[in-house]
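*Asks:* Start from chain U and add chain V according to the hints.
Chains U and V supply the protein sequences, listed in that same order.
Every letter in the first sequence is one number past the one before it in our numbering, and letter 143, counting from 1, is 143.
Every letter in the second sequence is one number past the one before it in our numbering, and letter 84, counting from 1, is 84.
Bear in mind the hints are in silico, worked out from the structure with no lab data behind them.
Errors might be hidden in some of the hints.
Interface residues of chain U toward chain V, partial, derived using beta-carbon atoms under 10 angstroms [as the list claims (entries may be wrong)]:
1. Ile9
2. Met180
3. Arg263
A short list of chain V residues far from chain U (calculated; beta carbon distances all over 10 angstroms) [stated by the list, open to error]:
4. Arg77
5. Pro116
6. Lys168
Calculated cross-link-like contacts (lysine-lysine; reagent style DSS-like; alpha-carbon spacing at most 30 angstroms) [unchecked claim]:
7. V:Lys82 / V:Lys182
8. V:Lys168 / V:Lys156
9. V:Lys168 / V:Lys182
10. V:Lys156 / U:Lys7
11. U:Lys351 / U:Lys304
12. U:Lys214 / U:Lys238
13. U:Lys164 / U:Lys271
14. U:Lys351 / V:Lys82
15. U:Lys164 / U:Lys206
16. U:Lys277 / U:Lys238
17. V:Lys168 / U:Lys7
18. U:Lys271 / V:Lys82
Note that CB positions come from ideal geometry on N, CA and C, so glycine has one too.
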Amino acid sequence: MTEQTPKRIFVKGNEAIARGALAAGCKCYFGYPITPQNDIPEFMSQAIRDAGGQFVQAESEIAAANMVLGATACGIRAMTSSSSPGISLKQEALSYMAGSELPGVVVNMVRGGPGLGDIGPSQGDYFQSTRGGGHGDYRLLVLAPASGQEAYDLTIKAFDLAFKYRNPVMILGDAILGQMKEPIAPWIPDNLDPDEAADWRLDGAKGRQPRLHKSLFLQEGELAQQNRHLQEKYEAMKAEIDYESFMVEDADIIVVAFGSIGRIAKSTIRKIRSTGKKVGLIRPITVYPYPSEILKTLAEQGKKFLTIEHNMGQMVEDVRLAIRTITDSDFYSCLPGNLPTPDDFEEPILKALEG
Amino acid sequence: MSIYKDVVIAGFGGQGVMLIGNLLAYSAMEAGLNVTYMPVYGPEMRGGTANCAVVISDDDIGSPIIQSPVSLIIMNRPSLDKFQPRIQDQGVMIMNTSLIEAELADTGRVQAFGVPCNDIANGLGNTRMANMVAIGAYVQATGVLPLEQVQACLAKVISPHYAHLIPKNSEAIAAGAAHAAKYGTL
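For reference, chain U alone in the conformation it holds in the complex (with noise of 0.2 angstroms):
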């Protein structure tokens, strides 16, 4: 048996999002309902106010995601989270904060679609969280935890890149995620900066000037300007890119999958390396900005591809960016509407290897 851990507690990974929101210093918390995403606003509506914040049950998804606009305006972390039609209100909000460089927070627990869909596990919402979502040229940056422990240290970390690059940030779970209960070690970071936001949060305009944040540009060269901006700030994002990589040193193929789908192919993976087969997985834990170098690296090394999904095929558009100049990738859609499984992805791998 491993060490004893006793401060581990055994949570859902909704909740473990909710306490690392805490963690990190969330002081406003806004939202509304949708499966599978309940537990998030159920737990704030006590532990918030425990902890000397806010919580609002806003009248719509769309209230919801201006607060948080409005609060991030004032330099305080503030949070939202949905699921996917819920997320697609929140839109027009987060082309506003990423216009006017407001560093909300925005929980996506991803439910099957298009429409209202289902209530099960999907990852049909890569494309949204990934190009943007909204109108416009911009970007979130978005985390795409696989467990419990890591959707508690992605929460503390979302806050921070936040509010180090002032741009909202999204993280991307499913109803796994969401569902499923694991332990955590709940840490608190001692690093929080209570004048983070001091050169820029409207806070009265006493003894200084006034502040302005918006998005509107109107004056000849001012737009152009900004998205300049925006783009040096999305290519220095890059800074941040992160992946978990696992045997794939000596694979002959690898398999790139994020989230839940990442872990579920890892199971797959030990079961395949345990024939002898050598395949190795990359999960991106950043999938905006996108790990392309370690893939690009991989190609040249002569490796080959498959991506797997819980979609019909978005994050292998990526993959084949990072490779486009070297090989391709083969790609596997686990359908929204079913639950993959390990044994799902067994024959698409040995396939992808042979063929």
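*Replies:* Showing chain V alone in chain U's frame:
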């Protein structure tokens, strides 16, 4: 070889399959192991069939969802029909023979423990403890954790409002274990 155990626990909504899944998972955490607990959370929770999957390992756990479980706890007939064909060869199955005919167990392929969970629970004073009898039998049959560890964690998963029922539930766990030890497989 590292430790790896998984189990799908299935029954009617209301039979307490989620509760014993939670209990098993919590006990594994307290034993210092890694564990995942994956419930179904849809309309099943409102009265149809319910099931959850628990994976226990001393290594990091890949999938929390299991197509072909190593073991099963089956509380009613529809769950037997759904999951028995999926269990691995020589897997351990706890079958609630109070509600399922023992001859339905695929004894040629599965190590099936027939446990009259409702009858044993009834004998202890409350048929609703059938789930605790089943988890006791499972722990005994698989040796996944010490029985005392599971009994000690009852207080962690039963709400304080029902704390007075913990000694009886602990007794039911012991009774299930005793039955599995005494009668063995079908």
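*Asks:* Indicate, hint by hint, whether the structure satisfies it.
*Replies:* Here is what the structure says about each hint:
1. Ile9: holds, 8 angstroms
2. Met180: Holds, about 5 angstroms.
3. Arg263: Holds - the Cβ of Arg263 of chain U comes within 10 angstroms of chain V, reaching about 5 angstroms at its closest.
4. Arg77: holds, 23 angstroms
5. Pro116: holds, 30 angstroms
6. Lys168: holds, 24 angstroms
7. V:Lys82 / V:Lys182: holds, 28 angstroms
8. V:Lys168 / V:Lys156: holds, 15 angstroms
9. V:Lys168 / V:Lys182: Measuring from Cα to Cα gives roughly 21 angstroms; hence the hint holds.
10. V:Lys156 / U:Lys7: With Cα atoms ~14 angstroms apart, Lys156 of chain V and Lys7 of chain U stay inside 30 angstroms; holds.
11. U:Lys351 / U:Lys304: At roughly 12 angstroms apart (the allowed maximum being 30 angstroms), Lys304 of chain U and Lys351 of chain U satisfy the hint.
12. U:Lys214 / U:Lys238: Measuring from Cα to Cα gives roughly 25 angstroms; hence the hint holds.
13. U:Lys164 / U:Lys271: Violated. Lys164 of chain U to Lys271 of chain U sits at ~41 angstroms, over the 30 angstroms cutoff.
14. U:Lys351 / V:Lys82: Roughly 29 angstroms between the alpha carbons, so the hint for Lys351 of chain U and Lys82 of chain V holds.
15. U:Lys164 / U:Lys206: holds, 25 angstroms
16. U:Lys277 / U:Lys238: violated, 33 angstroms
17. V:Lys168 / U:Lys7: holds, 29 angstroms
18. U:Lys271 / V:Lys82: holds, 24 angstroms
When the structure is compared with the earlier hints, violations turn up for hints 13 and 16 and for no others.
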